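Use the sequences and the hints to build the structure in full.
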Amino acid sequence: MAGLMLLFAQIVAMLVTLLVLLGIAGFLVFAERRVLGLLQNRLGPNRLGPLGVGQALADAVKLLCKEDFVPPFASGLLYRAAPILVAFSALAGFAVLPLAPGISWAGDWEIGLLLILALSSLHVYGVFLGGWSSNNKFALYGAIRAVAQLISYELPLGLALLALVLLAGSLALQGLGAAGQPVPLIVYQPLGFLIFFIAGIAETQRLPFDLAEAESELVAGYHTEYGGMRFGYFFLGEYLGLVLIAALISLLYLGAWSGPCLPGWLWMSLKTGVVIGIFFWLRASLPRPRYDQLLHWGWNALLPLSILNLLLTAIAAALWGTL
Amino acid sequence: MSLWRGLLASLWTTLRQLRRRDTLEYPEQEPKLGERWRGRPVLTHDPDGEERCVACELCSAVCPTQCIALEGADRPDGRRFAQSFRINFARCIYCGLCEEACPTLAIQLSPEYAFAKTERGDFVYHKEALLIEGTGKHPEYRYYAHAGVRTQALPKPVHCDPRSNLP
Ligand code: SF4
Ligand code: SF4
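So the protein sequences, as listed, match chains A and B. So for the first sequence, the numbering used here puts the first residue at 1; every next one is plus one. So for the second sequence, the numbering used here puts the first residue at 1; every next one is plus one.
Keep in mind that a hint or two might mislead.
To give an idea of the interface, some chain B residues facing chain A are shown, with a C-beta separation under 8 Å as derived from the structure [said to hold, decoys possible]: (1) SER10; (2) LEU11; (3) THR13; (4) ARG20; (5) ARG21; (6) THR23; (7) VAL62; (8) THR65; (9) GLN66; (10) LEU70; (11) ASP74.
These aren't lab readings, by the way, just hints derived from the structure by calculation. Only a predicted model underlies this, so the values are computations on that prediction, with no experimental measurement involved. The C-beta atom is built at its ideal place from N, Cα and C for all residues, glycine as well.
Below, the structure is given as structure tokens:
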């Protein structure tokens, strides 16, 4: 009986986590528009509710009320599955993300980091299937770009993480967070941090790396043919991916939950928030590179740098030992 | 290197905009219109209080969107006037050509710009709605002081006989 109660409580708590995450994604859409406005000497949405927060709700209601359609030329099953895959892969990553020691669903799972990398590969599938099943040339171009970009930037991302794992000796996210406890790991891994940061933005496919969407050339890229809540799922995936990457950056490199006075989970959230703010700022400032430039940087700059970083880390670890 | 300089420069540029707002919060803040703002056309009266329009149809002929329709008639005193005058503002583009074409300065573009409607039909303004009190932008002008006064018909002109060489 007690076991059943516990199970029930866990299910409810998971649902609450899910809802909170959805709420965060909705809020971020609004917050981003507001911040972009402020940075581009506009105002952004400011009509509904205090400071315009109601806009997030209005957008959600609008997406939910829109017609749920499948274009006649799309291949139905894949078209339906793709957005769910994207949203799922972004949501599932939060299962292993610890807010503080003990505050997570599976933070001390030994393969937590691997799970996140695997889910980000699943994300690629979602994006590609979405573009492919739409049977639209712009969607296909977007999907091809997305896949090439995601694969090219996943390599340096993984290698940067590998150096970190080498240093910390753990694949569990809680262990990695604990490794950065007295001194944030960015001190040991400045280059790795930079690589992870750049590749991380590329993984979220946001400006300046939004070539898969590229409104000015590809209509809306891989989700051109999507509307209503299916489009909402892609959006959800994008913004949750943003939160996930920001949370990973603060967890892995910025010392996770360490900080004076405030409780650990609050520090973690604050750091994540600041990183998200930096993402917004980057989006407001930087233009989109050309596609070949993007791949060029990925393969000719970021990848060699990340290998170099891994080598140096390995040598340093051999000489002076790991953390 | 120039790449990094460019990146930092653009980041700094956007950061500097934090203190600036160019957006006008429209319904609360009224925009400052230029002196020659072209808004909704109106029909004006001359200084004597008579309608200026003489139903010459030049405005309706010049209107590129053909949104002006009018019918003229004679007043008992012989003066022409517009029996009916309609402008469909759903089509008007506020180009001001009607104002330029009008010989009597009757039709003038006013500064009014905000007249959204929910029904398309409400955009068709009839003469009563178009007419305004007063003279608009040209307080002095009185067309009939210059022209357009009906004169006594001249006797039929005598033509010479083209077949004859005699004067
Ligand atoms: S402003 Fe231009 S479009 Fe409008 S009624 Fe006059 S001539 Fe026609
Ligand atoms: S408004 Fe002016 S141009 Fe138009 S019919 Fe009247 S007098 Fe003629």
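Status of the hints after comparison with the structure:
1. The restraint placing SER10/B at the interface with chain A holds, with a minimum CB-CB distance near 4 Å, inside the 8 Å limit.
2. A hinted interface residue such as LEU11/B counts as satisfied when its beta carbon comes closer than 8 Å to some beta carbon of chain A; here the least separation is about 5 Å, so the hint holds.
3. Taking 8 Å as the C-beta cut-off, the interface hint given for THR13/B holds, the closest approach to chain A being about 7 Å.
4. The criterion of a C-beta within 8 Å of any C-beta in chain A is met by ARG20/B, whose closest approach is roughly 4 Å, and the hint holds.
5. Hint status for ARG21/B relative to chain A: holds, with the closest Cβ pair at about 6 Å, below 8 Å.
6. Hint status for THR23/B relative to chain A: holds, with the closest Cβ pair at about 4 Å, below 8 Å.
7. Of the supplied interface hints, the one on VAL62/B is violated, with its beta-carbon coming no nearer than about 39 Å to a beta-carbon of chain A, more than 8 Å.
8. Hint on THR65/B is violated. Least Cβ distance to chain A is approximately 31 Å, over the 8 Å limit.
9. Taking 8 Å as the C-beta cut-off, the interface hint given for GLN66/B is violated, the closest approach to chain A being about 35 Å.
10. The interface hint given for LEU70/B is violated, since its Cβ lies 42 Å from the closest Cβ of chain A, which is over the 8 Å cut-off.
11. The beta carbon of ASP74/B comes no nearer than 55 Å to any beta carbon in chain A, farther than 8 Å, and the hint placing it at the interface is violated.
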